[in-house]
Structure formats: structure tokens, C-alpha cells
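> Since the structure of chain A is provided, determine the placement of chain B on it from the hints.
2 protein chains.
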Amino acid sequence: MLKELDLTRKLSKEEYAPIAEALGPRLTMLQQRIIQAKIPVIILFEGPSAAGKGAMVNSLILHFDARGFTVFNTQDPEPGDLRVPWLARFAKQMPAYGRMAIYDRSWYGGWFRRFGRKTGKGKYTRYFEEINTFERQLTDDGYLILKYFLYIDKKEQKKRFEKLKRVKSTSWRVNKADFKNLKFHKELMEISDQMLEATNTSYAPWRPVAATDKRYVRATVFSSIADELESALKIREEKPAQETDFAPQVKPCFHLLPHKTIEELDLTKAIAEEEYKERLKSLQKKLFKLQNKLYLAKIPVIIAYEGNDAAGKGGNIRRVASALDARGYSVTPIAAPTPDELSHQYLWRFWKALPRTGHFGIFDRTWYGRVLVERVEGFTPVSRINQAYNEINEFEYMLHRWGAVIFKFWLAIDQDEQLRRFEERENTPEKQWKITQEDWRNRDKWNLYTAAVNDMFRYTNTDFAPWTAIEAGDKRYARIKTLETMITAIEKRL
Amino acid sequence: MLKELDLTRKLSKEEYAPIAEALGPRLTMLQQRIIQAKIPVIILFEGPSAAGKGAMVNSLILHFDARGFTVFNTQDPEPGDLRVPWLARFAKQMPAYGRMAIYDRSWYGGWFRRFGRKTGKGKYTRYFEEINTFERQLTDDGYLILKYFLYIDKKEQKKRFEKLKRVKSTSWRVNKADFKNLKFHKELMEISDQMLEATNTSYAPWRPVAATDKRYVRATVFSSIADELESALKIREEKPAQETDFAPQVKPCFHLLPHKTIEELDLTKAIAEEEYKERLKSLQKKLFKLQNKLYLAKIPVIIAYEGNDAAGKGGNIRRVASALDARGYSVTPIAAPTPDELSHQYLWRFWKALPRTGHFGIFDRTWYGRVLVERVEGFTPVSRINQAYNEINEFEYMLHRWGAVIFKFWLAIDQDEQLRRFEERENTPEKQWKITQEDWRNRDKWNLYTAAVNDMFRYTNTDFAPWTAIEAGDKRYARIKTLETMITAIEKRL
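Residue numbers (the UniProt record's numbering), protein chains in the order written: chain A, 1 to 494; chain B, 1 to 494.
Chain A on its own, in the form it takes in the complex:
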């Protein structure tokens, strides 16, 4: 892509002045409309050293109200960043609806920092895939992603390095390595081209810009941004197609394993008190030992709990957690989303809560809320829920490739057992806090939930993150089965 750039493009002061004069107010007004329309925008600048990325960000933000954007200047990852999936540090930064994030280097930065070191092409395939998935999920959620690659040739880069070096106050910004890297300019262009092509998608295309002339690059980038914001606003204003009732339309992108339906589960399975006590103790001891090994091997474990109301998730989690060292796990309770969470893509809060390598992350309800409560209650448009099955598989695949052992437990009880437990809760003082009107309302939608659960099994039962249905009519049986499932899989992994 870079070869096609005409690096001699220039604008004279006279040509530039009227363009700049019109663009400034236009950008200012557009930002206000973007805020009102609640469109989240990501603008990122990549390119070789001294291509003018920083200066571009500096001049761009002068036209924006500071209350509406954040600038990120991406540096090398910190040690903590290396203990979570590599994209997590960027996913956590995604702007809220109506806000802008402006990047001076972004998730593509790693590619450049590695320039000059020996790196196999193949190694990056995975990163590019994950970037494309990440960007596609965001644009599907309404994010606008504008990617600019500022390019200068070797001669121009050398000239700029020398100018920086000459001025006392900027001389620290260039070092010997920069000058040494000049030799690899051609190679840099080649690997940049690979990157641009591998991540040049229809939903987030690259815009390479010849950056030799400051006025030219500024006029080009600013009018491109203005045009893109305008067209995003226009699309938003068009009436969306009428949404119909829910009917799953999922194009599976992963190999899906068959799974029993809720109706096929044998909920009468039980275990006697004596046997339970004995097995619980021995299983907990085993899990504790395994935690130690996982910690040393730096393998993270993700445990997702879903299930009917009153199916015993809390008690089950407690039996798992009490086997673990508190320094090595976290339980993340998932309640109704806060306003802050509602103004981000739904996976945002889970990206933030991922455990570090070697740690257990237990989720008490999960990202599956998207295809369960959000589907049943109609909180989310049908089309977005249909996309979610695949998005969730992609999210879990990323966790799997990161090295995580993933457990997804569905705790199942039948309607009669639920009624019995609800009533028991209402009649036991220390359990009353556990039962609300909401629970009774959910009960009325039993069949809708069951259909949603069966679809969830059908579309998200992957080989890298399979579901385990836990028959929870008897709490003791459920706990033993959960622990045994975990221990078997972890032992297999170690």
C-alpha cells in the first residue's frame, strides 16, 4: 500500500489557509454532534519514527472539546500488561459511547517496536487475526475506527532526526538506535505493508498518508476525519430496520460440539450426606494442590457460572473458593450493568476483570447475560444478540490461546425445586436478602429462559471452552460434579 503513495505531495501556505480555516470549525461542530448521537470514535495514528504522529495528535485535538476525548500515547507494556491477554490493555481503554479515543501508536505499536529484531512472519498471524476480530466486534457495536498510517521516506526521516538532534530541547528524542534503524528503512516499509494488508478490513480500513509535507498531511487527515464523522452521523440518522422477535440466526465460525438440552438432563441425581463430606474434603485438597502447580506454571483459569435462580451458584462457588488460596483467585459478581458499563460494548467489563496468569478468575454470572437476560427481556436488539454468540466464542478463543483453562458451568434445577427454594428463602431470616421480586418475575418467563439456554449450548459449546451442565437438584451432587470436572480438566492440562 505504501508504494502507491506520492511522497512529493505538498500544499503551499496559500493553498492550505482556506482549507484549514474551514476544517477547524467543521471538526468542532462534528464532535458535538458525535457526542449527542453517542457514537464512539477511535482515531489512531501509526507510522515510522518522526513521521509526525505526535504533532498530528497535537493539532487535531485543538479543534475538539477536551471533555469529549482522551489521548493515548502507547508505550511498551508494563509487567502487569504481560500477565493478561495482550489486547486487554487496549480493550479496557475503549471509549464510552459518544467519546473519542485518539492514539499516538496503538495496538499496532508492538509491530514497530519489534522492527529490526528477527521476527518470523508467521508469529504475527495470530496478532493480526486478533486485531481484526477486536476491531470487527467494536464496529459491529457501533464504534467508528479511523486508522491513519503516516509515511515518510528514508531521506525525510534522516533529515528530521538530524533536526531533532540539533535542537537542544529535543535532542533526547532521538538516539543512536534511531539512526541505526535508518539502514532498515526499506525493510520497515515491507513489514509495514504486510501489516497494513493483513489488517486492512472493510470495517476498519487503513488510510496511508504521505507525511512529507506538514500542511498536506494535516489537510488530508483532517478532511478525511471530518468526512468519516459526517457519514457515520448520516448512517445513524437513517431509520434502523424494524426488529422482529428473537429467532437465532447464527453463522458458526468455530467447530461446535453437540450438547444435551435442558430437557435431557437428569435432575434427580443426588449424593448422600456422608459420602458428600468425604469426597468434598478430598477434592478440595486436590484442587488446592493443583492451584499451586497452575500458579507455578503461570496458567490462568477462567470459571464461568450461570444457572437458574436459586440453583445454588453461591454455595457452589464457595466450595470451590474455599479450596483455593485467596491470593490466587478473584470472584467477580455480575449484577445489572452500571451506567458506565451500559455505555461501553458489553464485553468491556469482562476484559477489565480478567485474572492474571497463574490466577483463577471466577465469574458469578458472565458475558452470557447478553444471550440470556438481554435476549429474554428484550434489552438488546435481536441483531446484536445474534452477533453475540460468535463474539463470545471469539472472546473465549482469545482466552484459550492466551493459555487459559476455561470452565463454563450451567447449574440446572426444575421449576418445582426452584419454587421450594424460593419459599424456603422467604421463610429463613438469614436467607431473605437472597430473594427479590425480580426472581419471581424471572420465574414467569421460565420457558423463554429455557429456550435461550438451549440456544446458548447449541451455539457456544466449543471444544476449547465447552459447557458443563451441572444437575443441581441436589446441591451436594452439583458441588462434587463441579469440583471433579475442574480437577479432571486441570490434571489433563498439567
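No lab work stands behind these hints, which were simulated from the structure alone. Since the structure is predicted, the reported quantities are computational estimates derived from the model, not experimental observations. Be aware that one or more of the hints could be misleading.
Because identical chains share one entry, a pair is satisfied inside a single copy or across any pair of copies.
Said to hold, decoys possible - Calculated lysine-lysine pairs in the DSSO-like style (CA-CA distance at most 27 Å, straight line):
#1 K234 x K281
#2 K285 x K214
#3 K183 x K434
#4 K352 x K92
#5 K13 x K492
#6 K285 x K434
#7 K352 x K38
#8 K214 x K293
#9 K289 x K158
#10 K289 x K434
Relative to chain A, chain B alone:
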């Protein structure tokens, strides 16, 4: 304090069983009441290696609903933690109202990690002072802080190290340094005692516990926690004293400089267009150069903007920001607090937004909202606002000692000028978004705001973070004065 502990205290299985049986459900019930009463709780455990802190956290949380607490296992700070005030990483973690934070090592951890290295006693005075201030501010805000120091003697510690070493799965948890440190056990006890005494306050007292016997320490700590939660609930239930209208009652804890009142400012000061253009350009150039020097010297700059509505904060900030490299500053806009912000102490969101060393942090409205809008609108009880003057000074003093250059600008216009600008905004399409009903309502309370501003000057004009009143009747004059103030102070500092 540690010498008074009877390290031989033990509980037999028979003595312990009934106590434990009663304490479990009591803690469970109390946590639910704490959540309902929205009391934020911090429970922290310190003590020498192998004293049983981790095991204590493990057994404590079994009685709590995971949705109500977070466990922190404090490790050495990461590089990013070293570029903000040292307490910031803990302040950011403070639990929301009604939630618990449980610490296995906390902000006291540094003290222990330094054990065995040569450290002057005096060096810690500042840390202890800052800890005491931090804890006092939190307890004044309704936080309950429970601090337990688990203590074992040298013999016991050695025994535990050897046991850990013997078992394969735990052997990695002790190393040569641990055994070597055994020699310094007496010294450790002495420095621990210094720390305990220096931070043993009425609002957050230490509770040293003999930790030789697991049953004894558990029974002691658990019943102490239950008692404390209960008494906090009781205090909360008592009717608070009737709050009266606002009258500042401030005990200044810092040396305060005199400051002009709003009425004494000459708001007719102005500057001609030509002169303005010339001086602006040269001042911006100067500031850019200074930013470079500050960056290299790792000196952070905090700029707090306050002022009347329509006084020109936005345009002023833009003139400062456009002089700076975007990679070295952030503008934090302060709007009405989100629900998440409302359920934390008011400084929480500012702790999170502090710049890194060498960077500029520009705040478009600030922590002074506490003593301005919150006071005028009656959003916050009078007693808490009175405490805020001092809390803010303490917060700024911490920033000062961290090394920050602090600017506090009040942009002042008079009522006529404000009316003129409001009307201009309403009549200019690209400015209409800047004016809301809220602005007109605030205008009706002009005199109340003026009184609040004058008190703010009076009680927070410290020598380490002085106010600069910017006469902003003429925007050009205001911008030049702001830039000149900054440049003079930064040059003086460098």
C-alpha cells in the same frame, strides 16, 4: 505494642467449635446489613512472613457474599505505581459505599519489604504522616478501617518456614532470604513496633494479635470484626445531629496566605489584539520548551481550573494545551459525578486522574466542586464541607511533597459580562451547546457562589498551592496572565 502480646494463647478444639459456629452466621448477617447501610469497610492484615495473613483472609471471606468484597494481595509496586504519588495506587482501590476491601498486606507493606535493608527512621515519618491523613480522611467520610497485626515469635516463624519447605507444593513459598531474615527477628519486632505506634490512631487503631495458635487468632480476629461491624451499624442508626445552614468552621492546619476577595479584583484589565497575538506566541513557545525540561526532570505539573460559568476556561485551557506536546499532558473534564463516583469519597476520582511524573495534568473544574457547587446547592452535609477545606489542603500537600508544581486558577468575570456571554452563546449556532438551563439557574445564586469562592480563597490559599485570581473580563488578558503565571513559577522551580 507487640511485647504485651501473650504468644502462648491457645484454644482447644472443644473451646473453639462453639465460638466458630456462632461467628460464621453472625459475620454473614452483618455483611448484609453493612451492604444495606452502605458502610464502606477496609479490613487489613499485616505481620511478618508466615504469620498466617493469607490463611486468615481465606477463612474470613468464606463467611461473606463474594458480591460484597474484594481481596487485595499487595505486592511490590509496578513501574507505573512509582510515577504517581505512592498512596495513589491504594486510594484508587478504596471500596465503594457498602463494599469491603480486604488486604493481605496493604499500604504498610513497604515497611516490611524494606526490613533488613538500611533505612533511616526519619525517612518514614512522612509516610506515616500521609498514612494517618489518608486513613483519617476516609474515616471522616464514613469508612470503617480495621487493622490487624498478626504476630509470631522467631521460634514459631522458623518452624513454619521449615514446614513450608518440607512440603513439595509449598516449598517455593520460602527462600534463602526468609531463613536469613530470621536472624533479624528482634529488629523486625522493634521496627514493627515503631510503625504500629506511629500509625495507631483513634480513628484507625491497630489490633495486634498473637498468631501462634490458628484457632485462637481466628476466634479473636473474627469476633473483633463482628463487634466492630456491629458498633458501626449502631452508630449509623443513631439520628445525626440536625444540620444547619452553611457557616464555615475551619481549623486551618496549614499556613494560609492572605488573598484578595472577588470584590477586590479589577475586572477591567485588558490587552489589545496586536499585543496579545505577539505575546501569546512567544509565551507558548516558552512553555513548550519548559515542558521538555520538566519531562526530563520528571517533575509533574497540576493545573486546576475553576471560575464563573462562561469565564472562558475552555478557551484558556486550549491556549495552554496547544503549547504542549499531546504526549505529555491530559485534560480531565469534571462533570457531575457518576453513580460510581458518588459512592466513593469525593477525592477518589481525582486520585485516579493524577498525571505521571514529568506530565501535565489539567483539570477543567476540580476537587473544589466540594466547597463550591456542593456547598451552594446543599448536596453535601455542612460538616463534611467544613472538613473538606482541610482535606483538600492535605491532598494538595501530598501532591506538593510528591514533587508537583501546582497551579490553581480562578477565572473571574462580573454579572454583566456573564449575561453578555450567555446571550452571545444562545445566538451563535456553534456555541449553543455550551449553554444550558443549569447555567441560568447558577446565575440566580451569584451571591452564594461569590461567598463560597471567597471562603475557598481564605481557607485553601497555601504557600505550596496558592490561588491565582485571573481577571477574565477580557479573555486575551486572562490567557496571557495564565501563561505568564505558569512560566514564572516553572522557571523558578527548574
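> How would you classify K214 and K293 at a CA-CA limit of 27 Å: within, between, both, or neither?
between (56 Å within a copy, 25 Å between copies)
> For K234 and K281, with the copy left unspecified, which applies at a CA distance of at most 27 Å: within, between, both, or neither?
neither (62 Å within a copy, 39 Å between copies)
> My question is about K289 and K434: at a cut-off of 27 Å on alpha-carbon distance, are they close within one copy, between copies, both, or neither?
neither (33 Å within a copy, 61 Å between copies)
> Check K352 against K92 for me: Cα-Cα at most 27 Å, and say if that holds within a copy, between copies, both or neither.
both (6 Å within a copy, 15 Å between copies)
> Check K285 against K434 for me: Cα-Cα at most 27 Å, and say if that holds within a copy, between copies, both or neither.
neither (29 Å within a copy, 63 Å between copies)
> Using 27 Å as the alpha-carbon threshold, which applies to K352 and K38: within, between, both, or neither?
Answer is both; intra-copy 22 Å and inter-copy 24 Å each pass.
> For the identical chains here, do K183 and K434 meet the 27 Å Cα criterion within one copy, between copies, both, or neither?
Neither: 67 Å inside a copy, 52 Å across copies.
> Tell me, please, which holds for K285 and K214 at an alpha-carbon limit of 27 Å: within, between, both or neither?
between (66 Å within a copy, 19 Å between copies)
> Quick one: K13 to K492, C-alpha cut-off 27 Å, is that within a copy, between copies, both, or neither?
neither (68 Å within a copy, 38 Å between copies)
> Checking an output row: K289 and K158, CA cutoff 27 Å. Within, between, both or neither?
Close across copies (23 Å), not inside one copy (58 Å); limit 27 Å.
In the structure shown, a violation is registered for the earlier hints numbered 1, 3, 5, 6 and 10, in ascending order.
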